[in-house]
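Undergrad: Now for the letters of each chain:
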Amino acid sequence: MCGVPTLSARGGRSGWLWVVLLATLLVAPAIQAQSDCPDISAITPAPVFQMGTGFVTTFPGGTPSLGPLINPVLLVPVGSNWLIEARGDLESSIAPPPGGGGFTGSLQTNVDYLQLDYIANKYMTVTVGRFLTPFGIYNERLYPIWIRDLQTDPLILPIEGGAYGASTGAMVRGGFDATSSVEINYAAFFSSNSTIQNLQSDRAFGFRSGIFLPGPRLEVGGSFEHLLQDYRKNTFGFHFEWQPRPLPLDIRSEYARSWVGSGYWIEGAYKLSQVPVWRDALRHVQMVARMQQFYEGPGWEDGEPWVNTNMFEYGLNYYIRDDIRFVSSYGRQFAPERGNMNVWTLGLTYRLAMPIGPGDIR
Amino acid sequence: MSQHTKISGTLVLAMGAFLACGAAIARQESQPATVPATVPTAPAASPAPGPMTAPVSAASAAPTSSSASPGPAPAASNPSPAPNVEERGAMLVEGEKRFATNCGRCHQSPHHFPPRMMATVVRHMRVRATITDADMRLILLYLTQ
Numbered sequence: 001m002c003g004v005p006t007l008s009a010r011g012g013r014s015g016w017l018w019v020v021l022l023a024t025l026l027v028a029p030a031i032q033a034q035s036d037c038p039d040i041s042a043i044t045p046a047p048v049f050q051m052g053t054g055f056v057t058t059f060p061g062g063t064p065s066l067g068p069l070i071n072p073v074l075l076v077p078v079g080s081n082w083l084i085e086a087r088g089d090l091e092s093s094i095a096p097p098p099g100g101g102g103f104t105g106s107l108q109t110n111v112d113y114l115q116l117d118y119i120a121n122k123y124m125t126v127t128v129g130r131f132l133t134p135f136g137i138y139n140e141r142l143y144p145i146w147i148r149d150l151q152t153d154p155l156i157l158p159i160e161g162g163a164y165g166a167s168t169g170a171m172v173r174g175g176f177d178a179t180s181s182v183e184i185n186y187a188a189f190f191s192s193n194s195t196i197q198n199l200q201s202d203r204a205f206g207f208r209s210g211i212f213l214p215g216p217r218l219e220v221g222g223s224f225e226h227l228l229q230d231y232r233k234n235t236f237g238f239h240f241e242w243q244p245r246p247l248p249l250d251i252r253s254e255y256a257r258s259w260v261g262s263g264y265w266i267e268g269a270y271k272l273s274q275v276p277v278w279r280d281a282l283r284h285v286q287m288v289a290r291m292q293q294f295y296e297g298p299g300w301e302d303g304e305p306w307v308n309t310n311m312f313e314y315g316l317n318y319y320i321r322d323d324i325r326f327v328s329s330y331g332r333q334f335a336p337e338r339g340n341m342n343v344w345t346l347g348l349t350y351r352l353a354m355p356i357g358p359g360d361i362r
Numbered sequence: 001m002s003q004h005t006k007i008s009g010t011l012v013l014a015m016g017a018f019l020a021c022g023a024a025i026a027r028q029e030s031q032p033a034t035v036p037a038t039v040p041t042a043p044a045a046s047p048a049p050g051p052m053t054a055p056v057s058a059a060s061a062a063p064t065s066s067s068a069s070p071g072p073a074p075a076a077s078n079p080s081p082a083p084n085v086e087e088r089g090a091m092l093v094e095g096e097k098r099f100a101t102n103c104g105r106c107h108q109s110p111h112h113f114p115p116r117m118m119a120t121v122v123r124h125m126r127v128r129a130t131i132t133d134a135d136m137r138l139i140l141l142y143l144t145q
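Top line first, the protein sequences correspond to chains A and B.
For reference, each letter of the first sequence is one residue, going 1 to 362 in my numbering.
For reference, each letter of the second sequence is one residue, going 1 to 145 in my numbering.
Quick caveat, the hints were computed from the structure, so don't treat them as lab data.
There is no bait here: all hints are sound.
Which chain A residues stay away from chain B? Per the calculated CB distances, all over 12 angstroms, these: (1) 205; (2) 262; (3) 277; (4) 332; (5) 336; (6) 339.
Here are the simulated distance ranges between beta carbons: (7) A:81 <-> B:84: 26 to 32 angstroms; (8) B:84 <-> A:153: 46 to 52 angstroms; (9) A:215 <-> B:84: 25 to 31 angstroms; (10) B:84 <-> A:193: 52 to 58 angstroms; (11) B:84 <-> A:196: 50 to 56 angstroms.
Cβ atoms here follow ideal geometry from the backbone N, Cα and C, with glycine treated the same way.
Starting from the given sequences, assemble the full structure and let the hints guide the process.
TA: What follows is the structure, given as structure tokens:
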């Protein structure tokens, strides 16, 4: 069966894994995908336009803040090994000014990523351009508004994503079967300093790696980043993700540490699809809870919480369809130096995907 | 101040228009897609995986040899024959499993998009979520049937 033959099955010793991996990285372009996997070459990919959008109202400390957000995504496949992908960010925070009065806000725009991917072989993809900084799991995988279970960002997100959440440079990444029951994923990048409006990034390098066990659906991994400018700080972190197979439950957690501070979050999301009563209604309902702590460090940057903060949140999501979701949450933030407050969110998220370009899409 | 309000109002209006447009497109796209010509048609095809619905089950995806198969029988003399019905059924079951294992870690089952569109999305997710090559192929096979 496709994917079952593994490196260890062919090589025997686990040491061969690293030899093969190293050799693969060195001669990547020469290696062609070969397996008894399904032949997908008959399907010609078509350009796709996606969009995650939402209107989430938050009530931090009782003050309403309206948050419309649009994340357009463009995917343009080229040939059988190339992909151009881009995501923009248009959002606003509309809230009354401190002195009172009507709601005001400004439109903020940003380019989250604009990258060219080359799938060199089944072990490695080479990316150039502007890309999301590979650190932990939240910034790359869970950030889109239609994916995240709670609409507020984790307190440590500015640590793991850096000041901009994105890098400009080159990256290699991929995933492969180490054994029949272990998958390894990795990413390594170098970023240059960019001061271009909406495309800012820091000069840095870093890597992330994870071990995924498909059987128990469990992933653990670590990340490291070294800043090559300013204070030349190091940042490192760990992530954990587990979907126990018998239950519709997601458990995720991250820890990150840098000179601005350290912290963690742990989140559980349970879908009520197994509740024996009111099945038709409850299978659309998801309950979420998150606990997080941030500890201030010796340095600080814009956007950091700066002060010791504890926070817990409870959320209730209702999936009207797979792409339209009602979201709500209540949280309590404890920050002695800045004041405690309640944080409510209420909103609607939506994901659109449609083909673009000429030709028969089927 | 008023300019900011105008911008925000425009943003809200644009979102409303997108929601209405997207709902219409999604309804249109939820129609069953055709199967690529090179892949034999799945017998006892289950409905497209809709929101929060159980994907194709092992029993329905893995046909037995006694099942009527509308797909052509592979020629014995073909040097690189297409997978037979049993192999393809096993691949579909494996694809379903890998879809739940990989994609289900972050999000719900998507609409049943057309195959060419799904091929792009799966390639995108291969890069984004570092899905292995084998997983990508099996998931794409499952999602396009």
